[in-house]
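Number of protein chains: 2
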Amino acid sequence: MEKKAWVAIPGGVTAALGFRAHGIASGVKKKGGLDLALVASDQPASAAAVFTTNKVVAAPVVVSREHVADGTARAVILNSGNANACLGEAGLKAARLMAASAGQALGLRESDVLVASTGVIGAAFPVEKIVAAIPQLVAGLSPAGGGTAAQAIMTTDTVAKEFAVELTINGQPVRIGGMAKGSGMIQPNMATMLAVVTTDAAILPGLLRQALTAATSVSFNRITVDGDTSTNDSLFVLANGASGVKIEEPGVAYELFQAALTHVCTELAKMIVRDGEGATKLVTIKVTGARDEGQAEQAGRAVANSNLVKTAFFGEDANWGRILAAVGYSGIDFAPEQIRIALGDLPVFTDGSGLPFDEERAAKILAEPEITVHIDLGQGTAEATLWTCDLSYEYVKINGSYRT
Amino acid sequence: MEKKAWVAIPGGVTAALGFRAHGIASGVKKKGGLDLALVASDQPASAAAVFTTNKVVAAPVVVSREHVADGTARAVILNSGNANACLGEAGLKAARLMAASAGQALGLRESDVLVASTGVIGAAFPVEKIVAAIPQLVAGLSPAGGGTAAQAIMTTDTVAKEFAVELTINGQPVRIGGMAKGSGMIQPNMATMLAVVTTDAAILPGLLRQALTAATSVSFNRITVDGDTSTNDSLFVLANGASGVKIEEPGVAYELFQAALTHVCTELAKMIVRDGEGATKLVTIKVTGARDEGQAEQAGRAVANSNLVKTAFFGEDANWGRILAAVGYSGIDFAPEQIRIALGDLPVFTDGSGLPFDEERAAKILAEPEITVHIDLGQGTAEATLWTCDLSYEYVKINGSYRT
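Which chain is which? The protein sequence lines are B and H, in order. Okay, so the first sequence: first residue is 1039 according to this note's numbering, each after it adds one. Okay, so the second sequence: first residue is 1039 according to this note's numbering, each after it adds one.
Calculated directly from the structure, the hints in this document are not laboratory data.
Given that identical chains are not distinguished, each listed pair holds provided it fits within a single copy or across any two copies.
With a Cα cut of at most 30 Å, we get these calculated DSS-like pairs of lysine-lysine:
| no. | residue 1 | residue 2 |
| --- | --- | --- |
| 1 | LYS1069 | LYS1402 |
| 2 | LYS1067 | LYS1402 |
| 3 | LYS1402 | LYS1435 |
| 4 | LYS1068 | LYS1402 |
| 5 | LYS1308 | LYS1435 |
Required output: the full structure, derived from the provided sequences and hints.
This is the structure we're talking about:
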């Protein structure tokens, strides 16, 4: 029970004390939407980050990696509309300038500012528009500004994504909140997503990094929209200690913090999948009965990434054969006779063959906006949960004409 | 020159001497289309086969593996409309009965008959309809029957797929011809595809197996439609010696045969991609400048399987950033600065950044039904070619309602 001792509260990156944020339209997006966001801490903060595993990394990832290396940061500046990727030296210079300009306006060193970009790859990056807009951006910073910041990082997202919780550590309230954007190029190992999480707990950089790694492995790294991994993925967490609560060693306080951080990351990750490009359904793939967690994850990932499974969910078709086939090519070791598959609470496959099932009941389960597929490998007690979405006409439409 | 000493000739599995075939409607397909095919050799033949790498294998794959183990076979019976997969013992019994019944009608042992099925997974297999139809099927066998056989193995295929060549070995004509079906669940390592290739050369089973493995590795194993690997993939080759030409050892004759077999397999494989579910374009991914062929293939496969790349081709969008990003997450070791990318003959990326290019010329290249993407890794001299198709609304439509 104690581990779930948090309650959801309104807001995102400014739900925690001592953080201000703002989002504006700088002109990077051709159509004039909000495209530039800033999150800043009023006091020094521990910082940790996770980045894309793609070998091709965008310039802001290179710069942020350098800036977060010392375990501290005070601000994050993010833009949408242009990924600042594959632009060589010019891109790197632009990312540094973005951090330096924000730092100057905030009275911080360049290295205290983290930077992220999302949007089209390879198009010239209009850094001059961003630099020109920074004074206005900083002037607008407010403890109520988390919402505009969350809007300003959206690309093909249809809704802004924010989530926050309050928990009690050592008898005192602590807040953890965040914002994220998807919504295509999402696949395990940090696909095109940006997220910023803030907390008013004080926590040593090494512990913060450890908590973030643990949280990411079962949240952002367990989602997939289309199996593509982006060049820009970045997840930042800043902990500024404004609550007065200090976490200085592993123990009960740390465990509480980590569980709540994992919950915030999981909720943000599920929001990304729910809003996946063209998605009409959130599909939870729960793999149980595995020999180890890695095996469960490997099987679940193949199912979550299968275009045939995803189109079947779009079509509300109880096609368990495609689920089984995906487990079959996932690379895990198993015998089909050991596997059991259920859609929601409806068993459809066991003992090596399909079960006769009520098509009407299946249709009802598949018509829901959220569906759980349960796959039991029958080999052990380990498990893993992944989240994916269906593959619709709209995904094709959005991605057939993204650049132009 | 000598290695390309073949000419295309009309026909498919009956282009070679001493083979007869036929295709009929047995009632497995609900709508009454052709769904049962038989290919038979008039005399004993060497045989080799390649099967799906999926851990979940359909019953006919189990049975055919047993029957081809001795390196000989005289006939192949294939049905569409039902995959005979995931049906436990009942499925296995049905597949054996299918082979035994065809064998009986042809005066052959059950073990001389190979068997294959394609269609929906997990639905009860109506073997009684097939058994009842076999006399009619055998009665219709003819040296002109390759076409109806090719039609009878189609599922969501929109065209029957046949290809044949004639070449000269030791001064005598030899024919190699085949048929294949796609068209979803296609991915390297033998995805949902069935193919039968016949030749009137005589070739020892061991050499035939070797030639088939070499041919498959650069043809059927280099195509992808949606990255899903089926439970039923089977590729069979029968060599009956009716031409009088014998290939008994490695050497010039074997090399000629293998090159022509590779060509037949490559043409059939490309037909599958061109007719991929919903495909409007055949996209050739040519990776050069690799350290070894494996590296080239790994990079090309990631690009060929990327939904974002495939939707961009559907949208005729010169989005080289997605191509580069896919190479980035392919797992190969490389530096973005070393890579060059061209669409057709139009260079779009070099020295770590995009090149300014003529959008009109790009649009013209992307409007073609066949497009080549050239990726040079800049590391060595090895190369690999893969074939994929675009991802369209129609793919989603076909697969959103396949089972029902």
